[in-house]
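Number of protein chains: 2
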Amino acid sequence: MAQQKGKITTQSENFPQWYQDVIREGDLAETAKVVKGCMVIKPHGYAIWEKIQSELDQQFKATGHQNAYFPLLIPKSFITKEAEHVEGFAPELAVVTHAGGKQLEEGEEYVVRPTSETIIGHFFAKWVDSYRDLPLLINQWANVIRWELHTRLFLRTTEFLWQEGHTAHATHEEAHEEVLHILDLYADFAENTMAVPVIRGLKTEAERFAGALSTYCIEAMMRDGKALQMGTSHDLGQNFGRAFNVTFQNENKQTDFVWQTSWGVSTRLIGGLIMTHSDDTGLILPPKMAPIQTVIVPIFRKAHERETVMETATKLCAELNDAGVVIKLDDREGKRPGEKYYEWERKGVPLRLELGPRDIASGEVMSKLRVAEEKQKLPLDTLTQAIPQMLEDFQGALFERAVRFREENTVQLDSWDDFVDTFKEGESKFVWAHWDGQAESEAKIKEETGATIRSIPLAGQGPAPEPGQCIKSGNPSKQRVLFAKSY
Amino acid sequence: MAQQKGKITTQSENFPQWYQDVIREGDLAETAKVVKGCMVIKPHGYAIWEKIQSELDQQFKATGHQNAYFPLLIPKSFITKEAEHVEGFAPELAVVTHAGGKQLEEGEEYVVRPTSETIIGHFFAKWVDSYRDLPLLINQWANVIRWELHTRLFLRTTEFLWQEGHTAHATHEEAHEEVLHILDLYADFAENTMAVPVIRGLKTEAERFAGALSTYCIEAMMRDGKALQMGTSHDLGQNFGRAFNVTFQNENKQTDFVWQTSWGVSTRLIGGLIMTHSDDTGLILPPKMAPIQTVIVPIFRKAHERETVMETATKLCAELNDAGVVIKLDDREGKRPGEKYYEWERKGVPLRLELGPRDIASGEVMSKLRVAEEKQKLPLDTLTQAIPQMLEDFQGALFERAVRFREENTVQLDSWDDFVDTFKEGESKFVWAHWDGQAESEAKIKEETGATIRSIPLAGQGPAPEPGQCIKSGNPSKQRVLFAKSY
Chain X
12 MAQQKGKITT QSENFPQWYQ DVIREGDLAE TAKVVKGCMV IKPHGYAIWE KIQSELDQQF
72 KATGHQNAYF PLLIPKSFIT KEAEHVEGFA PELAVVTHAG GKQLEEGEEY VVRPTSETII
132 GHFFAKWVDS YRDLPLLINQ WANVIRWELH TRLFLRTTEF LWQEGHTAHA THEEAHEEVL
192 HILDLYADFA ENTMAVPVIR GLKTEAERFA GALSTYCIEA MMRDGKALQM GTSHDLGQNF
252 GRAFNVTFQN ENKQTDFVWQ TSWGVSTRLI GGLIMTHSDD TGLILPPKMA PIQTVIVPIF
312 RKAHERETVM ETATKLCAEL NDAGVVIKLD DREGKRPGEK YYEWERKGVP LRLELGPRDI
372 ASGEVMSKLR VAEEKQKLPL DTLTQAIPQM LEDFQGALFE RAVRFREENT VQLDSWDDFV
432 DTFKEGESKF VWAHWDGQAE SEAKIKEETG ATIRSIPLAG QGPAPEPGQC IKSGNPSKQR
492 VLFAKSY
Chain V
12 MAQQKGKITT QSENFPQWYQ DVIREGDLAE TAKVVKGCMV IKPHGYAIWE KIQSELDQQF
72 KATGHQNAYF PLLIPKSFIT KEAEHVEGFA PELAVVTHAG GKQLEEGEEY VVRPTSETII
132 GHFFAKWVDS YRDLPLLINQ WANVIRWELH TRLFLRTTEF LWQEGHTAHA THEEAHEEVL
192 HILDLYADFA ENTMAVPVIR GLKTEAERFA GALSTYCIEA MMRDGKALQM GTSHDLGQNF
252 GRAFNVTFQN ENKQTDFVWQ TSWGVSTRLI GGLIMTHSDD TGLILPPKMA PIQTVIVPIF
312 RKAHERETVM ETATKLCAEL NDAGVVIKLD DREGKRPGEK YYEWERKGVP LRLELGPRDI
372 ASGEVMSKLR VAEEKQKLPL DTLTQAIPQM LEDFQGALFE RAVRFREENT VQLDSWDDFV
432 DTFKEGESKF VWAHWDGQAE SEAKIKEETG ATIRSIPLAG QGPAPEPGQC IKSGNPSKQR
492 VLFAKSY
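So the sequence lines, in the order shown, correspond to chains X and V. Following the working numbering, the numbering of the first sequence begins with 12 at its first residue and continues without gaps. Following the working numbering, the numbering of the second sequence begins with 12 at its first residue and continues without gaps.
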């Protein structure tokens, strides 16, 4: 479909096109085209990624993790050392075969990292000798490449930016605690900072990370009813420890392999943010994710008006900045106020203030929240209290709205016909249904409906466990699991 | 040479080995070995890089630059579009020829970015239509790969981390102002934050960036008298604008190519920091670059002593933290105070406080600056004023020491014999000498002495211009230029 500049297709008309339009009109990113499946993250999109980075980085550090950096290139032989890992990643690898003007020898080729368990395992083996060296809690901010056939901006791109945590522990119990701790950290971040409600759960074997004992995830509902996996946390057991010989002497002076975890979130989160909150007018950003939280648009016709307005606007800007509001005074010349409103709406700025000479005379300013129907007059002299409160309320309202939307689009189903009907023709909801725990049933369901098991919910994350019968096979089941179509 | 753990070779004995030892003992980084010429940046080293990033990023943004992200992979054909650019970079490229399980077609191969002028030029062409879209001020934090034959931790590695600024302007004058503005920004950062004095100058044609009209640089003296290029800022003229057809309509409605700049600093800065300040005991960090500025080591034998000491230490820590000092209380059990002193000295922590029961009783604490000969007692009740001041003084003292060292090792020479003698057997100083401006003389000097022209100094950065005779050819010269051996 041709992209028409300036136009945003409605969600109901064509959701995937709406998504692309919102990104283009919000000036967030564009498809690189000349580099297969890659994207350029434009300044407004990258500023959102910086918000994500800064908040998560602080939380990782507060919980004892340290950043480090490992090579982009990984010896091709490393990838093959963990049997399931190579099976999962081999089809997606980009391979460097020539360098420095020469063809590399057979055993000297490199892959561009698709994820770093292997190269980090290699170094952990050098760094760990004793239980005293554990736990080792490392995080890396990096780019990775996975050669994907079907790509979509932010959601699935050949190259993406992410953080990958890699930790090593003396016991399985401690490693497993780390896995769940990080899952909670991700969930709290999604809900409290991104205003995106998520369900915490365990992946089935079919959906598990290649090489992990178990994979936990957070799943969110997009506005088309599909699920987006927003983050994963893997219990690697001793699989990579064995593959890379990461041994240590425990307190009883016995040699053992370390227990490892890995976990990550990526620029995909930006896609999730867009598809949770935005509307047919374009991007909507929750204040905690907004590179600009409030914009002031000055309005004037004559020179003496300009002076008064700019003076008040500048003062207001400084006061609100001091009150902790990330604010921008849009003083660009040669653009009409209406054009500015339009631009900032499409860029998802949560709150707009319009300030003209008459407002100043009456001690007021016109305000417009990004999702409000009506503008609202605010007294100028209480803005430093009122605006932080409005932004906080707006953050909360977006979260509540997303929770409501998810509730309205979540069902418990016990009939296969209803299940099939729910997932017909590209439609999706969150469906809690019984499953017999068999990969065969899971595969059949996927084949016949396109829906997959997003996760087996952790306690309190789904309906209370109750015995039932698998929606597909009719075999006994202990609890309902979460089905949806997914990105 | 074998690396002996725990031992630091002296600078005078073997400077390159000293450098490696300081990095190993400071736990900053290690050679990856399994990935040719690459390094692993360990947490303490990466924390220094984060300091560099955070300070520079703030300064770039304060001057109107925005961050964005462009693909790691660049179509191989792009590199050849600018004739000098391909000549400069072709020998250093890593090439992806296989991806997604298949060999890529002839024209579909990618290089891993060695720098991003080409791919960014391609996108600038799409983004710029009119003079109203200019200036375009973009920065990217990224990894790059240049296949190097001889590598050295931080200073020259196959992969390194850097920032690359890329800007486009309507006039050459404005672009040139940007180039010099960034050079000043880099110099201020080096001197005021890293405490590394630098000389600002212009590169000769032989040392210029491949594809630039002119390259400006900052050069610093390392403790072996050699020069390190710490940052470069390039005036690209319209070279890349022409190669990638980046045109715009100017105010007179004429179509013209944009004028571009690019500029970068990298993880190499960490190498410069080490070789400017550190000594035979190991790393020394200026407070503004130190991930930990002050460490408190508690001293006690008995349980009741432990309680008193830890209580005071914890309180002190909180107070100093509030006073803006980045402080760590080293409360690790099972390590003697002496072991802790040793470790933090090697990690370059500027200030150590030793706190025992007797100190507390007398209302004092023992302090030791990283380069002081003697310990000094400080009254506990004035620490929140005293320590920020001590750190500020220490920052200043390191800068002054580096300036003095550079002065002591800088000479003006007019005799070729003296010049040859100065650069004999691996030795180097900063030498101001006359040069006739000819590439031929420059090449002969390099060949016969190993010294290169580090830069033609900007006004005030070297001896006042005066006519003279080229130190090699005897031809007329207008001013002295800076010679040194370099990294």
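Do not rely on the hints blindly, as some may be mistaken.
Since the list can't tell identical chains apart, any single copy or any two copies may satisfy a pair.
[What the hints assert, rightly or not] Straight-line Cα separation of at most 27 Å, BS3-like style, residue types lysine-lysine; simulated pairs:
1. 264 / 351
2. 489 / 16
3. 489 / 358
4. 386 / 18
5. 113 / 440
6. 489 / 62
7. 87 / 16
8. 339 / 435
9. 346 / 326
10. 264 / 435
11. 455 / 72
12. 16 / 313
13. 44 / 388
14. 299 / 62
15. 457 / 16
16. 16 / 113
17. 326 / 72
18. 137 / 313
19. 137 / 113
20. 72 / 113
21. 440 / 16
22. 87 / 113
23. 264 / 457
24. 351 / 137
25. 379 / 489
26. 18 / 92
27. 72 / 339
28. 358 / 72
29. 313 / 72
What the hints contain is simulated information worked out from the structure, not anything from laboratory work.
Hints and how they fare:
1. Taking the shortest alpha-carbon separations for residue 264 and residue 351, only the inter-copy value of 25 Å comes in at or below 27 Å, while the best intra-copy value is 69 Å.
2. Taking CA atoms no more than 27 Å apart as the test, residue 489 paired with residue 16 passes in neither setting, with 52 Å inside one copy and 57 Å between copies.
3. Taking CA atoms no more than 27 Å apart as the test, residue 489 paired with residue 358 passes in neither setting, with 46 Å inside one copy and 55 Å between copies.
4. For a Cα distance limit of 27 Å, the shortest separation of residue 386 from residue 18 inside one copy, 24 Å, qualifies, whereas the shortest one across copies, 70 Å, does not.
5. For a Cα distance limit of 27 Å, the shortest separation of residue 113 from residue 440 qualifies neither inside one copy, at 53 Å, nor across copies, at 37 Å.
6. For the identical chains of this complex, residue 489 and residue 62 are neighbours neither inside a copy (41 Å) nor across copies (52 Å), given an alpha-carbon limit of 27 Å.
7. Taking the closest pair of Cα atoms, residue 87 and residue 16 never come within 27 Å of each other, the shortest separation being 44 Å inside a single copy and 31 Å across copies.
8. For a Cα distance limit of 27 Å, the shortest separation of residue 339 from residue 435 qualifies neither inside one copy, at 46 Å, nor across copies, at 59 Å.
9. Only within a single protomer do residue 346 and residue 326 lie at most 27 Å apart by alpha-carbon distance; the minimum there is 22 Å, versus 55 Å between protomers.
10. For the identical chains of this complex, residue 264 and residue 435 are neighbours neither inside a copy (59 Å) nor across copies (55 Å), given an alpha-carbon limit of 27 Å.
11. For the identical chains of this complex, residue 455 and residue 72 are neighbours neither inside a copy (43 Å) nor across copies (53 Å), given an alpha-carbon limit of 27 Å.
12. Proximity of residue 16 and residue 313 under a CA criterion of 27 Å is satisfied in neither setting, with 33 Å inside one chain copy and 75 Å between copies.
13. In this assembly of identical chains, residue 44 and residue 388 lie within 27 Å of each other by CA distance neither inside one copy nor across copies; the values are 46 Å within and 65 Å between.
14. When the C-alpha separation of residue 299 and residue 62 is checked against a cutoff of 27 Å, the pair qualifies both within a copy, at 8 Å, and between copies, at 24 Å.
15. In this assembly of identical chains, residue 457 and residue 16 lie within 27 Å of each other by CA distance neither inside one copy nor across copies; the values are 37 Å within and 56 Å between.
16. Taking identical chains as interchangeable, the C-alpha atoms of residue 16 and residue 113 are never at most 27 Å apart, the minima being 45 Å within one chain and 36 Å between chains.
17. Taking the shortest Cα distances, residue 326 and residue 72 sit within 27 Å of each other only across copies (22 Å), while inside one copy they are farther apart (37 Å).
18. In this assembly of identical chains, residue 137 and residue 313 lie within 27 Å of each other by CA distance neither inside one copy nor across copies; the values are 71 Å within and 37 Å between.
19. In the homo-oligomer, the alpha carbons of residue 137 and residue 113 never lie at most 27 Å apart, since the shortest distance is 31 Å inside one protomer and 34 Å across protomers.
20. Within a single copy, residue 72 and residue 113 get their C-alpha atoms no closer than 42 Å, and across copies no closer than 41 Å, so neither meets the 27 Å cut-off.
21. In the homo-oligomer, the alpha carbons of residue 440 and residue 16 never lie at most 27 Å apart, since the shortest distance is 31 Å inside one protomer and 60 Å across protomers.
22. Proximity of residue 87 to residue 113 under the C-alpha cut-off of 27 Å is found in both arrangements, the shortest distances being 17 Å within a copy and 15 Å between copies.
23. Taking identical chains as interchangeable, the C-alpha atoms of residue 264 and residue 457 are never at most 27 Å apart, the minima being 49 Å within one chain and 58 Å between chains.
24. With identical chains, the CA atoms of residue 351 and residue 137 are at most 27 Å apart between copies only, with a shortest distance of 23 Å across copies and 57 Å within one.
25. Taking CA atoms no more than 27 Å apart as the test, residue 379 paired with residue 489 passes in neither setting, with 50 Å inside one copy and 64 Å between copies.
26. For the homomeric pair residue 18 and residue 92, neither the shortest alpha-carbon distance inside one copy (50 Å) nor that between copies (35 Å) is at most 27 Å.
27. In this homomeric assembly, residue 72 and residue 339 come within 27 Å of each other (Cα to Cα) only across copies, at 14 Å, whereas the closest approach inside a single copy is 30 Å.
28. In this assembly of identical chains, the alpha carbons of residue 358 and residue 72 lie at most 27 Å apart only when taken from different copies (19 Å versus 31 Å within one copy).
29. For the homomeric pair residue 313 and residue 72, neither the shortest alpha-carbon distance inside one copy (53 Å) nor that between copies (32 Å) is at most 27 Å.
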